[in-house]
Structures are given as C-alpha cells and as structure tokens.
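Dock chain W against the given chain Y, drawing on the hints supplied.
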Amino acid sequence: MSFFTRLKLALSILFGGELPAAQAPAPALPVAEPLPALPLPTPPPEQAHASALFLLGLLQREGRLVDFLQEDVTAYADADVGAAARAVHTGCRKVLAQYLALTPVVSDGEGASVAVPVGFDASRFRLTGNVTGQGPWRGTLKHHGWHATKVELPAAPTTVDVKVVAPAEVELP
Amino acid sequence: MSASFCVGIDLGTTHSALSWIALDASEGRGPNQAVLPIAQVTAPGTVEERQLLPSFVYLPAEGEFPRDALALPWKGGGRGVVGEFARAHGTRVPTRQVASAKSWLCHPGVDRRAKILPWQAPDDVAKVSPVEASARVLEHLAQAWNRQFGKRAPLSEQQVVVTVPASFDAAAKDLTLEAAKQAGLEKVTLLEEPQAAVYAWLEAMGRGWRAHLKAGDVLLVVDVGGGTSDFSLVRVGEVGGELSLERLAVGDHILLGGDNMDLALAFSVNERFKAQGKALDAWQLSALTQACRVAKEQLLSSEALDKAPVTVPGRGSSLIGGTLKGELTRAELTSLLVDGFFPRCAVTDAPATARRSGLAQVGLPYAQDAGITRHLAAFLARQARSLQLTTGFAQPTAVLFNGGVFKAPALKARVLEVLSGWLAQVGAPAPKELPGADLDLAVARGAASYGWVKGGHGIRIRGGTARSYYVGVEAAMLAVPGYVPPVKALCVAPFGMEEGTQADVPPQEFGLVVGEATRFRFFSSSTRRADAVGTMVEDAERAADLEELVPIETTLSGDAPGQLVPINLQAAVTELGALEVRCLERGGEGRWKLELNVRERTP
Numbered sequence: 001m002s003f004f005t006r007l008k009l010a011l012s013i014l015f016g017g018e019l020p021a022a023q024a025p026a027p028a029l030p031v032a033e034p035l036p037a038l039p040l041p042t043p044p045p046e047q048a049h050a051s052a053l054f055l056l057g058l059l060q061r062e063g064r065l066v067d068f069l070q071e072d073v074t075a076y077a078d079a080d081v082g083a084a085a086r087a088v089h090t091g092c093r094k095v096l097a098q099y100l101a102l103t104p105v106v107s108d109g110e111g112a113s114v115a116v117p118v119g120f121d122a123s124r125f126r127l128t129g130n131v132t133g134q135g136p137w138r139g140t141l142k143h144h145g146w147h148a149t150k151v152e153l154p155a156a157p158t159t160v161d162v163k164v165v166a167p168a169e170v171e172l173p
Numbered sequence: 174m175s176a177s178f179c180v181g182i183d184l185g186t187t188h189s190a191l192s193w194i195a196l197d198a199s200e201g202r203g204p205n206q207a208v209l210p211i212a213q214v215t216a217p218g219t220v221e222e223r224q225l226l227p228s229f230v231y232l233p234a235e236g237e238f239p240r241d242a243l244a245l246p247w248k249g250g251g252r253g254v255v256g257e258f259a260r261a262h263g264t265r266v267p268t269r270q271v272a273s274a275k276s277w278l279c280h281p282g283v284d285r286r287a288k289i290l291p292w293q294a295p296d297d298v299a300k301v302s303p304v305e306a307s308a309r310v311l312e313h314l315a316q317a318w319n320r321q322f323g324k325r326a327p328l329s330e331q332q333v334v335v336t337v338p339a340s341f342d343a344a345a346k347d348l349t350l351e352a353a354k355q356a357g358l359e360k361v362t363l364l365e366e367p368q369a370a371v372y373a374w375l376e377a378m379g380r381g382w383r384a385h386l387k388a389g390d391v392l393l394v395v396d397v398g399g400g401t402s403d404f405s406l407v408r409v410g411e412v413g414g415e416l417s418l419e420r421l422a423v424g425d426h427i428l429l430g431g432d433n434m435d436l437a438l439a440f441s442v443n444e445r446f447k448a449q450g451k452a453l454d455a456w457q458l459s460a461l462t463q464a465c466r467v468a469k470e471q472l473l474s475s476e477a478l479d480k481a482p483v484t485v486p487g488r489g490s491s492l493i494g495g496t497l498k499g500e501l502t503r504a505e506l507t508s509l510l511v512d513g514f515f516p517r518c519a520v521t522d523a524p525a526t527a528r529r530s531g532l533a534q535v536g537l538p539y540a541q542d543a544g545i546t547r548h549l550a551a552f553l554a555r556q557a558r559s560l561q562l563t564t565g566f567a568q569p570t571a572v573l574f575n576g577g578v579f580k581a582p583a584l585k586a587r588v589l590e591v592l593s594g595w596l597a598q599v600g601a602p603a604p605k606e607l608p609g610a611d612l613d614l615a616v617a618r619g620a621a622s623y624g625w626v627k628g629g630h631g632i633r634i635r636g637g638t639a640r641s642y643y644v645g646v647e648a649a650m651l652a653v654p655g656y657v658p659p660v661k662a663l664c665v666a667p668f669g670m671e672e673g674t675q676a677d678v679p680p681q682e683f684g685l686v687v688g689e690a691t692r693f694r695f696f697s698s699s700t701r702r703a704d705a706v707g708t709m710v711e712d713a714e715r716a717a718d719l720e721e722l723v724p725i726e727t728t729l730s731g732d733a734p735g736q737l738v739p740i741n742l743q744a745a746v747t748e749l750g751a752l753e754v755r756c757l758e759r760g761g762e763g764r765w766k767l768e769l770n771v772r773e774r775t776p
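Quick note, the sequences are listed as chains Y and W, same order.
For what it's worth, the working numbering labels the leading residue of the first sequence as 1, then goes sequentially.
For what it's worth, the working numbering labels the leading residue of the second sequence as 174, then goes sequentially.
None of these hints come from the bench; they were simulated from the model.
Just so you know, not all the hints are guaranteed correct.
[To be verified] Across the chosen pairs, the derived CB separations fall in these ranges:
1) W:Ala-437 / Y:Thr-158: 41 to 49 Å
2) W:Pro-210 / Y:Lys-163: 25 to 33 Å
3) W:Pro-210 / Y:Pro-167: 22 to 30 Å
[Claimed, not checked] Below, simulated BS3-like cross-link-like pairs (lysine-lysine); rule was C-alpha separation at most 25 Å, straight line:
4) Y:Lys-94 / W:Lys-469
5) W:Lys-469 / W:Lys-498
6) W:Lys-360 / W:Lys-627
7) Y:Lys-94 / W:Lys-627
8) Y:Lys-94 / W:Lys-480
All C-beta atoms in this analysis are idealised placements derived from N, C-alpha and C, irrespective of residue type, glycine included.
Looking at chain Y on its own, in the form it has when it is part of the complex (with noise of 0.2 Å):
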C-alpha cells in the first residue's frame, strides 16, 4: 500500500468514509505544496450533543444512573429494585440540586382550581381535556410543571471523550 493510499484511507476512517474533497483529485493545489501536516490531528471531541453527554455522565458517575436504566429489571423483585432506585436516586438528585434550581411553574397545589388566561405562554402551560373556547379557562391543575430557574452546569470538557460516559475500571491487584 502506498503512503498515499494509507493517508486516505487513514482520513476516510476520520471523516466516516465521507471524503468528497480527498477522493477527486485535488487540481488547484499546486504540486510543490506540503502534504498536510503530520501526524494527523486528532478527531475533534463530540461538541454537538457535548452538554447532553456531559449530563449523563454526571447522572451516571454521582447516580449510576445510565446502568441502572441499561439493566433488565424484569428478573428482580422489586425490593431489590427498589434498594438499587435509592441508591439512584440519592446520587442523581445530588446532582440536580448541585446544578439546577427547580420550581414549580404553578405555586397552587396540584387538584386545585386555576384560571388560565387569554394568550396565556403556552410552552408553560398545557390544556388537557374539553380544549374549545377562547378562554380565559378554568381548570384542575393536575401537575404543577418544573421549571429550571436556575441552571448552573460547568462547561463540558474538551479534553476528555465526553462519548465515553462512563470509563471501564480496572482494579490492579
């Protein structure tokens, strides 16, 4: 295999066997240019979805969040998922209390009757049942909703994989 044939492939590894600009020859590039530069320059870490990785991580390192999910519950009483859901949730909600500030969007005790007004912000309120009419509304708040008042998450990093959830352990002996 030549070298070149080694760098493309190399490169099409990288970029998931897209490489339009690689596989047609490259005609304006003048043939005394250097090569790109070597060694290749590492993938660039996850950034779309980098927060959301990041978050599970932390659900997972402080709540074992993603292995409980991951498991079969089918197989166990439930006293036994019951102890491993303490467990849980302990770590996870340290973890929400640690970032986020959550409150109710509607104070009223959930039953209660509430008056929903005419334009009222609809990603904070959803009606449910005999939805007819203009308003304003009055119903049976039967969820008061979250709202994260406060989101204080620290950066994700950028110098760890964050797709790597959660590291293997190994013990040495």
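Frame of chain Y; chain W shown alone:
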C-alpha cells in the same frame, strides 16, 4: 504595590477556604462576607468552582488520565492535583492520595521536610513532604485568587492571614510559614482557628455582640473540624468602660473529627454486612461511608425517623443485582455518635490513654479516646489548675461552636447538656450558646476580619503565645554509672508573650563552639503560666506538664574552629506569630537564630 485586601485562609485538615475584606473598609462586612469561589478539578476534563477546596493532593501516574484532563484555568503550579477530584478519586487509589497533610505537619515523630507522603506509598510514586503538600494547597488557593484579582491585587502583595490550630506548637507554626513561602506567600500572619471563629462571630454580629457577652463571661470555643478538635477559652473583661477579650487558654492537639464519626458509622453497618457474608472492597467502603453520612443527616434532621436506609451500589455495571441493602438505626446513631463521641461523663474524667506514645507510633497519632467531652473535661480541669482557680475546673458561661459537625443540633445539645451538668454540680448556671455562628466558613472569614481588626477597626482578642517554652540544660553532677543526669528546663519564653515582643534570658553558662552544631533540647507547656523568663524546672523529663518538642540548633561558622563564644539567649515572638530563639554574643555583636530541627523525631 501595597496591600488592598486582607485575605483570610482556612488551611484545614480536610477542607480549605478563602475569604477577604478590603483594608480600607470602614465598617465590618456583617453576616454577608466574601468567600472566594475556588476553581478546581472535579472530574477529568471538568473544572468547577466551589466554596471549599478539599485539602487533598493526588499524584497521578504517567498516562493515568487523558492529556490536559486535569488542567486548570491557570498555568503552572506544582505537581499533583488539589481539590475535589483529588479527594474523590484518591479514595480508590490511596497510594497516590496525600490526605491530612496538616496533621503530618504537626507530627513530631517524622521528618516533616522529607518526602514521606502518601504514607507508605510504593517507591515509584513521586512522594512529597508534609510541607510541600501544604504548600500545594496554598498555591492552588493563591492561583484561584490571582485568576480573579491577580492583575490589580496579586495574593503575594496582600495581607494574608493563615489559620492554624490553637494547639500547634512552634515547630508546626514555623513549617506552616515555610509552606506559605514555598507557595510564594512571603509575609503571612498566623492566627489560631478558635480565635478566628470568634472574630467571624464578632463581625457577623456587628455592634450587637455586646448584647450577648458581658464583663466576667468566659467563652468556650468548641471547634470540631473534619480531622481535629480544638478548644479555647476567651475571657471577657472590661478596660476603661469598654469590653475586652482575652484568650486565656488553648487545648492540646486532638486528632479526632467529623470524618472519624462517619467512619465509625460505616464500620458499624459494615459489621452487619460481614455477618451476612458480604465483603466490601475499599471502593464500596468509601461508598458506604458516604451513604452513612447521608443517613446520619436524615436522622439528625428529623426526629420522627427511627431508621434510615443505607445502600451501597455494586461495583460492576449490574446495579440492581449488586446493591447491598442496610440501614442505620437511631439507636445506633445515638450510641455511636452522640454517646460515642460526646459521652456523658464527669468533669473529673480524663481521656482513656496517654497522648503521643512515642516510639510505638506508626502513621498519624490519632486520639486513642474518641470521647470529645472527656477531652473537654480534661482541658477544663487542667486549665483550672493552670489558672489557679479553686473551682476544680474552668467554668465557661458561654459556648461558641465551630465546624460542620455541629450542623447536627443533637450534638450541640449534648455538649451543652454535659457542660450544664458539670456546672450545675457546683451551683453555676448553664452556659448559653452564642447564636449566628457560620460553621463551615467562619474560620476563613474570621481570619480576613482579623487583618482588618489589626488595622485598627473593631475589637482585638489579646492573648499572646498560648504556651511557655523552655530549653533543656543538663544538670551538672558527678557521673554515676547507669544513671542519666536529669535535664532541667530553663524558661526562655513565658506564657502570653505578645507578637512583636522579646524576652532576654538571665545570663547562663552557655557557649557556642565555632564550627560545630550547638543544640538545645526544647520543651513547651500549655499550662505553666506562672513561669517567668529564667525560671528553672528541675526534672524536665518527668514533669507531666512539659512536652518535649524537636531540638533547636545552630552552627556558628568562623575562622577559629573549636573556639568557645559565650552567649546569652533571647526569645522573640515575631509580628507573624512565629517564635524565634536567638543567641546573642556576650559583650559582642554576634547574633544567631536557633532553628527548630524538624528533620528529627522527638526523643
């Protein structure tokens, strides 16, 4: 550039914090005092700001983490990572985690400048000395400060106050100053932690503090940190119609704190797991300790609960199958924590064992008796003798609590109950608890406040040195085979020496030999307050109230080796709070400082 801020640093055994106040502020800060958010690595690739910096250093192996994953928002810094990740990850890799560096700093049985930490780590771990480890924590704090204020007010230019336990001896204080120097902080002032807690309380109360204390009150500060317990007595007096505060006495160093309590609970629950044939590894034990801390807080905050569940997740990805279920009962909590660490006892009780048992010591000299109230009883009784009170024990009228342990009302209540019981027996009223103490951050805040007070604002606690210091003098007598002549102790620095003062020791037959190291054995006492400079204690080694420290020594270089230079001794307490013992040439100009030899263990 001159200092614009007074910066208080609480260099704690388990956690550190930093607070500050502008030196030109005309009023105290009241209860809302500035605390620096400290950027630190909390996981590989993640840097977060927290008010507390865990005082742990982790020394990673080559390639153990992705490149730059432990990088901080600033450049430079020594080896290892400091803070939350060092604490959390270190529990899984104990041979690379330096913990309780501060307790090692005051451990007289080891060479505190030698690279001995992590204790008993394998040879391929590049170890650090207790001084270096403390310096790393201070350096981290300095960089966190400089990141925010560095351009206009770098920390090295500010008036920095670092707190130390009231029970730290001269050597441990010197080493703390040395660690500060290594961290680039040249002119650091030291302040006793219980005093810092009082300063924080005074500032938080503002002018209102006088409503809580009156002349004649004796304030007991009970400071139980993560790793150490510390007591101090402060007397409220009256000078020219104004209330004054004087620190009367400090306790001995007790290596016993909140972390021991969580461990005790974990051990108890673990016994039941063991009985069920379930063996926990180190990782699970650490998880169990945390689970017990959570259960403890649940039980202590809600009287209605009889028990709280304790679950330890399995190590592998199979969470449900691997989770161990247990519980912590209220009876267990009460017997282990409240009765175990704060037992009801008589004021005549003493802790179960002699402290610092010398050669047998491996690792840190943890307190043998976990009963903090017994240590308190011994402290009050000892100080009553020292203060020549006829009451049998020093009788506090007010109590100030410090340390996160006392977030639990039950523990405060028990201390007050025990104290009240002792006082009731002699017909004295129950002590009152001073309100409004900030248990986690008071020490850092009080340290910052102290610098401001020194600048002429507010009230200053008087006190001076909390110990008296002595040099050993060999008694001259005829040699008797098999009999070592007793060593007398000559008082060179009396109790209560104020900062910035010095004391000349009456002339003795001392001489320095040119070209040879001259050394003196060195002793101190936290109770002998009647001794004046020049007082001779007859048999130093047998005196129960004297404690031997590391020797002090100097080497006089000169042109005439072997020549004897007669000298006088002089002791001084520097403005920074360090004790210096000097040799002054008799009838000459020569001056030499005697250095504490912290490389050697105490005999």
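Checked hints:
no.	hint	in the structure
1	W:Ala-437 / Y:Thr-158: 41 to 49 Å	holds (42 Å)
2	W:Pro-210 / Y:Lys-163: 25 to 33 Å	holds (30 Å)
3	W:Pro-210 / Y:Pro-167: 22 to 30 Å	holds (28 Å)
4	Y:Lys-94 / W:Lys-469	holds (16 Å)
5	W:Lys-469 / W:Lys-498	holds (16 Å)
6	W:Lys-360 / W:Lys-627	holds (15 Å)
7	Y:Lys-94 / W:Lys-627	violated (41 Å)
8	Y:Lys-94 / W:Lys-480	holds (21 Å)
When the structure is compared with the earlier hints, a violation turns up for hint 7 alone.
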